[in-house]
Structures are given as C-alpha cells and as structure tokens.
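Participant: Sequence:
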Amino acid sequence: MTVKEIEPWGVNVPYIYLSTIMFLLGGISLIKFPFYHPYFMMIGAYSLYFGMIQRLFFPAKNYLPLHILALILLAIPISHYFQFLASIVLVITEIKALKDVKSYGSKFPVSTLVLSSPFLSVISWYFYINYWSLIIPLAVYILGVNIGVFTATLGVKPFFGLYQVPVLILLIISVFLPFFLAIALVYYFAFLMRKGIKKINWTSISVILVSLASMSALYLGDLSHAFFLDVMFPLFFSCITYSTARYNHEKVVYIIPLLLLAFFTRFINLQFSAIFLPIAYIYFLYLIKDTLGITGIKLGISKKYLL
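Residues 2 to 308 in this note's numbering are what the sequence shown lists, from first letter to last.
These are computed hints drawn from the structure, not numbers from a lab.
Check the hints yourself; a few may be wrong.
Pairs of lysine to aspartate or glutamate residues, derived as DMTMM-like cross-links and limited to a Cα-Cα distance of at most 20 Å, are as follows [claimed, not checked]:
| hint | residue 1 | residue 2 |
| --- | --- | --- |
| 1 | Lys62 | Glu8 |
| 2 | Lys62 | Asp101 |
| 3 | Lys304 | Asp223 |
| 4 | Lys97 | Glu8 |
| 5 | Lys305 | Glu251 |
| 6 | Lys200 | Asp223 |
| 7 | Lys304 | Glu8 |
| 8 | Lys100 | Asp291 |
| 9 | Lys199 | Glu251 |
| 10 | Lys252 | Asp223 |
| 11 | Lys100 | Glu8 |
| 12 | Lys200 | Glu251 |
| 13 | Lys290 | Glu251 |
| 14 | Lys304 | Asp291 |
| 15 | Lys103 | Glu251 |
From just these sequences and the hints, can you work out the full model?
Facilitator: In structure tokens form, the structure reads like this:
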C-alpha cells in the first residue's frame with residue numbers, strides 16, 4: 002500500500018459547484034424553457050449523488066482521472082447519453098476501488114443499496130424511460146448512505162447486505178408502480194428503528210418525519226416533487242452536512258420547514274412555492290461553506306478541523 006493510493010481529496014466539492022449551477026439553470030429554465038427544467042434539476046441531483054458517493058467510498062487521488070471524467074460527462078446537458086457515460090465511469094471507479102480495498106485486506110459492511118446505485122444509474126440513464134425512473138437510483142443511494150447517519154445520530158440498529166434487499170426490490174418496483182416508493186420508505190424506517198431510538202437528534206428526526214410526509218403525494222399528486230423536496234433534499238442535506246461539516250448538522254433542522262413549504266404551497270400558488278427551495282439550498286451551502294474552498298478540495302475536509 003502506498004500513500005498515494007489512499008490519499009483523499011474533496012471530490013465532492015466540484016460536484017457541489019456543478020449541482021449549484023444546474024439547479025440555477027433549472028430555476029431559470031422553469032421561467033423561460035420549462036421543457037428543460039426537469040433535465041437540469043436531475044443533473045443537479047445526480048451531481049450531489051456522484052460527488053458524495055465518490056467522496057465517501059472512493060475518494061483517493063489515484064482515481065482523479067475517473068472523478069474528473071465523470072464530472073465532465075455529467076455536466077454536458079445535451080443528451081442523456083452523456084449522463085449514461087458518466088454513470089459508466091462511476092461504475093468503473095467503484096469496481097476499481099473495491100478491488101483495491103480487497104487487495105489491501107480491508108473489510109467493511111456491505112451496503113447493497115449504496116453499491117448497487119451506480120449500476121442502476123447506468124440502466125436508468127441508458128433506457129431513459131421517464132424522469133421518474135431516474136429518481137430510483139437516487140432513492141437507492143440516499144437511503145443506503147443515510148443508514149450510517151441515522152445510526153450515529155439516533156443510535157438505531159443498522160442493517161446491511163441481504164437485509165437491504167427488500168428495500169432495493171421495493172424501490173425497483175416503484176419504477177413501474179410509483180406508490181411502492183411509499184411502501185419502501187415505511188419499511189425502511191420501520192426496520193431501521195426496530196430496536197428503538199437511543200439518542201435524540203432533531204435534524205434526523207425531522208428528516209424522517211418529512212420523508213414520511215411525502216406520502217401525502219399519494220393523495221395530493223405530484224409524487225416526483227414530493228420525492229425531491231421531502232425525501233431527496235432532506236436526506237442529502239443531512240448526510241452531506243454530517244459527513245463534511247458535522248458541527249453544523251443540528252442546524253439542518255431549520256431547512257426542513259422550508260422544504261415542507263416548498264412542496265405543500267405548490268398546490269396553492271406555484272410561483273410562491275418556488276422561493277423556498279432556493280433559500281433552503283443557499284442555507285445548506287452556508288452550513289458547509291468551510292468545506293467548499295481550496296482546503297476542502299485538496300484534503301477533503303473542512304478547514305475548521307485544521308484550526
């Protein structure tokens with residue numbers, strides 16, 4: 002093993018920059034070119050996903066060419082085949098990293114959800130059935146990776162390997178029967194808390210509650226935005242802040258009401274509802290601001306940890 006092989010860098014940082022650009026383009030396109038709005042927003046969401054899975058599971062600098070190639074391909078909003086190719090690069094990075102870990106003799110809990118998500122991303126972007134089908138790899142990843150966050154913050158009992166397969170199956174079924182997403186969420190949180198909660202963390206508790214609130218979309222409609230606003234963003238904001246700026250994790254709780262308002266006010270006034278997500282996202286960037294500079298890119302950690 003050499004130092005170069007395990008030396009990390011902040012691979013998630015340029016991906017967060019990309020997500021910010023894409024979300025901005027998504028907001029602008031909603032006004033001028035609504036047809037392109039979901040495409041830009043989806044690339045923004047996948048940017049958060051690509052950045053964090055690489056930072057948490059294969060951040061070594063010797064994967065830098067693959068990290069950059071995936072970033073470039075993902076950023077090209079011309080055809081979904083560029084995002085398909087980016088997903089292939091992500092799979093190659095994962096396979097290479099797993100082989101390296103095995104060669105080092107290291108062992109780690111197998112997260113079926115996390116490790117399967119890049120392969121599902123390849124399939125989803127290649128077939129490009131609809132935008133809903135692209136949601137599933139995101140759901141698979143964020144539910145898988147947040148098991149660690151909930152375990153650390155709430156003291157719940159984690160589950161890995163084959164125990165995650167029912168959640169994976171339910172999410173895959175939801176490609177064709179979207180209401181199965183609600184079943185997957187209920188099963189996921191119920192199984193996660195099967196031994197009870199040992200700690201109180203209001204951010205994690207609020208994330209669970211708002212995710213379950215997304216099931217209201219089964220009656221109100223707009224399941225896609227319910228997922229983005231009430232499931233994906235809360236889980237991403239919680240996980241990314243906990244992983245990169247843990248000292249601010251408790252403050253994520255203040256974002257949750259904004260995301261709830263962003264979804265539920267859609268049914269009253271669409272223009273009014275559009276102001277809440279940008280505010281929530283800007284506040285999220287503020288919480289992790291110490292990770293977004295040169296130090297964060299070079300070392301993969303917040304500059305606060307160096308003080």
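Participant: Under the criterion that the straight-line Cα-Cα distance not exceed 20 Å, is the pair lysine 199, glutamate 251 satisfied?
Facilitator: 17 Å, holds
Participant: Verify the proposed pairing of lysine 103 with glutamate 251, using a straight-line Cα cut of 20 Å.
Facilitator: Since the Cα atoms of lysine 103 and glutamate 251 sit roughly 35 Å apart, the hinted pair is violated (cutoff 20 Å).
Participant: Against the 20 Å threshold, does the CA-CA distance of lysine 304 and glutamate 8 hold or violate the hint?
Facilitator: 17 Å, holds
Participant: Do the alpha carbons of lysine 97 and glutamate 8 lie within 20 Å of each other, as the hint requires?
Facilitator: Given that 20 Å is the threshold and the Cα spacing comes to 15 Å, the pair holds.
Participant: Starting from lysine 62, check that the Cα of aspartate 101 is at most 20 Å away, please.
Facilitator: Satisfied, since the Cα-Cα distance of roughly 13 Å is no more than 20 Å.
Participant: Is it true that the CA of lysine 305 sits at most 20 Å from the CA of glutamate 251?
Facilitator: Roughly 17 Å between the alpha carbons, so the hint for lysine 305 and glutamate 251 holds.
Participant: Is lysine 100 within 20 Å of glutamate 8, Cα to Cα?
Facilitator: 17 Å, holds
Participant: Is lysine 304 within 20 Å of aspartate 223, Cα to Cα?
Facilitator: 40 Å, violated
Participant: Lysine 304 and aspartate 291: Cα distance at most 20 Å?
Facilitator: Given that 20 Å is the threshold and the Cα spacing comes to 6 Å, the pair holds.
Participant: Just to be careful, I want the Cα atoms of lysine 252 and aspartate 223 compared with a cutoff of 20 Å; is the pair within it?
Facilitator: 28 Å, violated
Participant: Compare the distance between the alpha carbons of lysine 200 and glutamate 251 with 20 Å, and conclude whether the hinted pair is satisfied.
Facilitator: 13 Å, holds
Participant: Compare the distance between the alpha carbons of lysine 100 and aspartate 291 with 20 Å, and conclude whether the hinted pair is satisfied.
Facilitator: With a Cα-Cα distance of about 32 Å, the restraint between lysine 100 and aspartate 291 is violated, given a limit of 20 Å.
Checked against the numbered hints above, the structure breaks hints 3, 6, 8, 10, 15 and satisfies the rest.
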